[in-house]
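Taken in sequence, the protein lines are chains V and X. With my numbering applied, the first sequence covers 2 to 188. With my numbering applied, the second sequence covers 2 to 188.
The reader is advised that the hints may include incorrect statements.
Put simply, identical chains are the same to the list, so a pair is met inside one copy or across any two.
In silico DMTMM-like cross-links for lysine to aspartate or glutamate, where the CA-CA straight-line distance does not exceed 20 angstroms [to be verified]:
(1) Lys17 / Asp51
(2) Lys17 / Asp52
(3) Lys17 / Glu164
(4) Lys17 / Glu145
In case anyone wonders, no lab produced these hints; they're calculated from the structure.
Protein chains: 2
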Amino acid sequence: MTSPLRVLALSGSLRKSSYNSALLRAAQQLAPAGVTVELFDLRPIPMYDDDLRTGGWPEPVAQLRSAIAAADALLIGTPEYNYSLPAVLKNALDWASRAPDAPLAGKPAAIMSATLGNLGGIRAQVHLRQVLVGTGSLAVNRPEVAISRVQERFDASLALTDEPTRTLIAGLLVSLAAWTLQLRSHG
Amino acid sequence: MTSPLRVLALSGSLRKSSYNSALLRAAQQLAPAGVTVELFDLRPIPMYDDDLRTGGWPEPVAQLRSAIAAADALLIGTPEYNYSLPAVLKNALDWASRAPDAPLAGKPAAIMSATLGNLGGIRAQVHLRQVLVGTGSLAVNRPEVAISRVQERFDASLALTDEPTRTLIAGLLVSLAAWTLQLRSHG
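Isolated chain V, as found in the complex:
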């Protein structure tokens, strides 16, 4: 890898002790050499309103769009709410999908999900993958990172201690980096 790869991480949960946000912070530590992961806080993004859009990008939206445009790839970590993705994540993707210069178009992406229960948020991933087709983004297929009983995989300070989960996330980042370079070399 000749130049560093910059990955922008988005969490589908605003909760301060969010396990999905904690997984993204773990990914920062687990990234392979040459890959950096930066978290973007979605809290300031206003609810999508097309009247707002036609008045010019709200400042937090402009920042999100710039950050996505500047990144080589996206890493999304999301809980599952009611069999689908949370509004906070869908809202960010909708804002970033709009022309002109939609920064999500052609952007490599990787998906993680995590839930307290046994299913790991896989239904949210099904919807999220369709949304990413809609935005023209390019999500890696493997490995699937759907983490069940996520609360058992952290210590009390929200550090990711479960070794299989650490290996899985490290593998996803390797896959994302390879995918990003593959798209670049043939782009």
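Let chain V serve as the given structure and place chain X on it in line with the hints.
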């Protein structure tokens, strides 16, 4: 029908000239005798944040939950953003799905979607139906109201002038009323 049926209408678009909101206003006029349709404005609902929830329902959320609880049925009108439902709608449904006394559980519902293009928002409906399974709501299956080229169906004052569309929406309300009474009588 012995007592009036109260339908609460939610629009997935915040835009002032939203066609989906205009379709819900048309539904108010097209409702059969004994059915009233009231629109609820989702604009004040904050983005879902579980830390907010544990601090007590924000006032607009409490109002939404009360309005849903007081209604006999829901009517949802939604655009399609990136092959799915908009964040504003998902956000409202997520807030209203939470225990205790989740007002969406067992609530009869009907779905409409509309887009400028030819597909009428049907992909948003696919995701929305799954979300409504997640919330435990009970959506009528027929008629499917997915309105393509919606902009051609209104006059300049956003009054719904297209007769086939008016008939379709009137039929959906008849179906929703019958479904609501059926569930009540056997509930």
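Here's how the hints hold up against the structure:
When the C-alpha separation of Lys17 and Asp51 is checked against a cutoff of 20 angstroms, the pair qualifies only between copies, where the shortest distance is 9 angstroms, while the shortest distance within a copy is 29 angstroms. Taking the shortest alpha-carbon separations for Lys17 and Asp52, only the inter-copy value of 7 angstroms comes in at or below 20 angstroms, while the best intra-copy value is 31 angstroms. Neither within a single protomer nor between protomers do Lys17 and Glu164 lie at most 20 angstroms apart by alpha-carbon distance, with minima of 24 angstroms and 51 angstroms respectively. Taking the shortest alpha-carbon separations for Lys17 and Glu145, neither the intra-copy value of 25 angstroms nor the inter-copy value of 41 angstroms comes in at or below 20 angstroms.
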